[in-house]
Amino acid sequence: MALLECRNVTKTFQNVTVLDNVSLTLEPGRIVGLLGRNGAGKTTLIKLINDLLTPTSGEILFEGKPIGPESKAHISFLPEHTYLDPGMKVRGTIKMFSDFYADFNADKAYELLLDLQLKEDMYLSKMSKGMQEKLQLILVMSRAAKLYILDEPLGGVDPATRDYIMDTILNNFCEGASVLLSTHLIADIERILDDVLFIDNGRMVLQSPADELRAREGGSVDQAFRRMFKC
Amino acid sequence: MLKKLMKYDFVRVEKVVVWALLAVLVCAAAARLTNAIYNEKMTMLWLIVDKIASALAIVVMIFAVFLTFFRIAASFARTVYGKQSYFTHTLPVKRGAVYDAKVLCGLAMNLLTLLAVGAGAAIVFLTGDTMALVKAAWKDSGAFYLLAAVTFVLEVLCFAVCAYLGIVLGHMLNTHKIFLSVVFTLVLWNVISTVLIGAEAVFYFANGNIADFLRADTASFAMDAPMPQEVKTVFVVAAAGYALMISVLYFIGRRLLVKGVNVD
Numbered sequence: 001m002a003l004l005e006c007r008n009v010t011k012t013f014q015n016v017t018v019l020d021n022v023s024l025t026l027e028p029g030r031i032v033g034l035l036g037r038n039g040a041g042k043t044t045l046i047k048l049i050n051d052l053l054t055p056t057s058g059e060i061l062f063e064g065k066p067i068g069p070e071s072k073a074h075i076s077f078l079p080e081h082t083y084l085d086p087g088m089k090v091r092g093t094i095k096m097f098s099d100f101y102a103d104f105n106a107d108k109a110y111e112l113l114l115d116l117q118l119k120e121d122m123y124l125s126k127m128s129k130g131m132q133e134k135l136q137l138i139l140v141m142s143r144a145a146k147l148y149i150l151d152e153p154l155g156g157v158d159p160a161t162r163d164y165i166m167d168t169i170l171n172n173f174c175e176g177a178s179v180l181l182s183t184h185l186i187a188d189i190e191r192i193l194d195d196v197l198f199i200d201n202g203r204m205v206l207q208s209p210a211d212e213l214r215a216r217e218g219g220s221v222d223q224a225f226r227r228m229f230k231c
Numbered sequence: 001m002l003k004k005l006m007k008y009d010f011v012r013v014e015k016v017v018v019w020a021l022l023a024v025l026v027c028a029a030a031a032r033l034t035n036a037i038y039n040e041k042m043t044m045l046w047l048i049v050d051k052i053a054s055a056l057a058i059v060v061m062i063f064a065v066f067l068t069f070f071r072i073a074a075s076f077a078r079t080v081y082g083k084q085s086y087f088t089h090t091l092p093v094k095r096g097a098v099y100d101a102k103v104l105c106g107l108a109m110n111l112l113t114l115l116a117v118g119a120g121a122a123i124v125f126l127t128g129d130t131m132a133l134v135k136a137a138w139k140d141s142g143a144f145y146l147l148a149a150v151t152f153v154l155e156v157l158c159f160a161v162c163a164y165l166g167i168v169l170g171h172m173l174n175t176h177k178i179f180l181s182v183v184f185t186l187v188l189w190n191v192i193s194t195v196l197i198g199a200e201a202v203f204y205f206a207n208g209n210i211a212d213f214l215r216a217d218t219a220s221f222a223m224d225a226p227m228p229q230e231v232k233t234v235f236v237v238a239a240a241g242y243a244l245m246i247s248v249l250y251f252i253g254r255r256l257l258v259k260g261v262n263v264d
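Residue numbers (my numbering), protein chains in the order written: chain A, 1 to 231; chain B, 1 to 264.
It is worth saying that the hints were derived from the structure and are not from the lab.
These numbers come from a predicted model, not from an experiment.
The reader is advised that the hints may include incorrect statements.
[As the list claims (entries may be wrong)] The list that follows gives simulated cross-link-like pairs (lysine-lysine, PhoX-like), each with its CA atoms no further than 20 angstroms apart: (1) A:Lys129 / B:Lys83; (2) B:Lys15 / B:Lys4; (3) B:Lys4 / A:Lys89; (4) A:Lys119 / A:Lys89; (5) B:Lys15 / B:Lys3; (6) B:Lys94 / A:Lys65; (7) B:Lys3 / A:Lys95; (8) B:Lys259 / A:Lys65; (9) A:Lys129 / A:Lys89; (10) A:Lys108 / A:Lys95; (11) B:Lys4 / A:Lys95; (12) B:Lys15 / A:Lys126; (13) A:Lys89 / B:Lys15; (14) A:Lys126 / B:Lys83; (15) A:Lys119 / A:Lys95; (16) B:Lys177 / B:Lys83; (17) A:Lys95 / B:Lys15; (18) B:Lys94 / B:Lys7; (19) A:Lys95 / B:Lys7; (20) A:Lys89 / B:Lys83; (21) A:Lys89 / B:Lys7; (22) A:Lys108 / A:Lys89.
[As the list claims (entries may be wrong)] Covered by chain A, per the in silico footprint, the following chain B stretches (three or more residues, Cβ under 8 angstroms): (23) 74-85; (24) 88-96; (25) 252-262.
[Claimed, not checked] Stretch by stretch, here's where chain B covers chain A in the computed footprint (C-beta under 8 angstroms, at least three residues): (26) 63-74; (27) 80-91.
We put the beta carbon where it would ideally sit given N, CA and C, even for glycine.
Chain B with its partners taken away, still in its complex shape (with noise of 0.2 angstroms):
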């Protein structure tokens, strides 16, 4: 049943997805086209239309990642407390894998949408240049710039996590559901961050190198230079801690659903 329930959980949402994912690789080609051109054609109009579909490719990149995470949290909030739970809650199925499911398919199908993002940014930006300097980074610190990708996904996936624990909470209230649902969302998440920001702190207070790196002069900063353990470690801690509050957030939404609903 999960696996039906998952379905149909990620065709609801990936309907309107798809097309923001197809718009940023659409949008990012545009702009590989339009920066060749310019390249070759070296005029002022060719800039123009460069650094205006550049930006449209970043302004497209941010939107679906808004969209797919709205999308996601409407569609979970619609049918697990809307008119249509009425479907949901009737089925003859557990409610734990009722949440299951749409915590699966909403990290699925953030997953989806920022690896599509970085495809559209590896379109846009690495060209001749930028490879050669990408290239030299990955061969020092290719395992330090992956560890940095894992903990900003795992963060995108703990607010997402947020939400949905967020919107159980919010509709346990008789009252203003939708706005404290985003209330509950957003103070969740910044205990989350506050406490993060604790767990490296007393880690900085640890390691005395760290504290030498940050105080050293960022200036010289290289992106091609070797990075140093510690910091390395610093993204070690914050990727096991978002980790960590992913799953403590989802048991936390998953028992709240199992105990019961109450749908208007």
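Here chain A stands alone, though its shape is the one from the complex (with noise of 0.2 angstroms):
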């Protein structure tokens, strides 16, 4: 049984069909990249997947039932932009994950916090952007969850930052589980992808495993990407 299925799944705000009719399937232990420009709705289709926001039609499945609490029990979400209370502190957002989620491992969180050598009692009004940001990398990827959702994780980041992330995400996600990772920058995660999603104007134009697509193009994801979209 797939992990992840997507029926026919049609977006629409106010008469502009933002995602149309797409489908796609995600198998256990894969990382998968959602590639697109800026715009291209990857960011919709992960909301969507997410439950943030309700298909105009179609249908999300996970391991063949709708997304509901059973499935977001085994989906860790981490958005492009900050998500926590701002007035809680560190040492709350662990408490708050290990109150809510069954497969929050707080020692693993504790263990990658001292990584940043970011304290506990420090609120999260304090902390810069991107240290929010990496606070929230660390609680999703505390998690031994079935399925990991990365919506732009490098985006905006420092090339320092962007290989703490990427080191992060690969040396903490569980074994079997799937990553799916959305980003337009291609190349820095080029190397970790088992698959590829293009999408581009809401519809999902390749759906292919990263080596059959690399020996196809003659070149990189990236290349074929380029070529593909014409950058």
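From these two lone chains plus the hints, build me the complex, please.
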């Protein structure tokens, strides 16, 4: 059974079709890149999968069941912006994740915090945006989820931080789990991808294993993307 | 999970509101103290200080009620439709439970604020003379004043539930969501007020004694006079109406939220 399946998902806002009849299948144990230009529909698709938007038509299934509390217990989502209450302390966010997610490993979160030299009693409002995003990444990757969905985790950060983020993802995602990673910075994640999804103008234009795409196009995923979208 | 959701909702609202409630009690105590000093010294200076302290206590009480309401509404909008909704809606809980927790927490916080304001008012105003008047009034019409207080509390809670539904309706559209939330809240509140006034009017025409009472010379009305049964019944109708409206609005808001959200 597929881990995640989107069947003919369409989303319109005020008669503007943002996603058009998108279908995709994610198998367990794969790292999948959701690639597309800015405004292609990546975030909309991710928001639909995470129940933050309601599809205009079509359905989204996780392990064969519609998205709901059971699926959310197994999906660990990192949005592209900070989403925690800035009035909380770091320790409070860890307690909150422990309270709500049975698969959350607080010890692992504290270990990862040590690397960042973040103090537990620090308020989020006193932290920089970058530090808050790293904290969120730690919280999300400290779950033993079946599917990690990371929306633009590399957006707007310096190359050193990108490396930190990629290392954190690769070293901490649960064995056998899948990762859906959205970005337009293809070169930075190309090396870790098993599958790629190309999305453009709200349509899924390509779904392929990364190696097959490289062999077919005779170059990297990044080059294939540039050729396809004439960048 | 409902308990956990409520705990975090309560903490989020309480950490601001608690300071306002403390301010209510401190200002009330200060007003009482200045009144006691004035009664002892009887000087113009202490009269002015006493009046200022009482006025300040009243302003802080009104401020606390509004702050609680706005804090609850803002917290609801922020965590259900704002950036923090990304956490709320990805929690492994039913969306109905999210709504239940927020409404229950909001109603509890409103109730807590009203209790604190009531306690503050008692501290400021229940001096020797007024205490005797209240005791006399309570003896003759205690049940009526209790009913009136319950009706007032239900009215405030009904407005809070209007705001929840107003926010849900405002965010079902794609533009001007905050503005539309306010508009929907006010429209809902006016519709409810009109419906309740209509219900009272029906009762008014069906019961001649109330008409007689309303036409009577209200100048002779005394706080410690026993209340006519008909007036009590008007409050019962209002209280029942508000309770019914709270239930109806709550279920409509819950149903709409459970159907799905579209967060920015």
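*Which numbered hints does this structure break?*
Going through the list in order, the structure violates no hint and respects every one.
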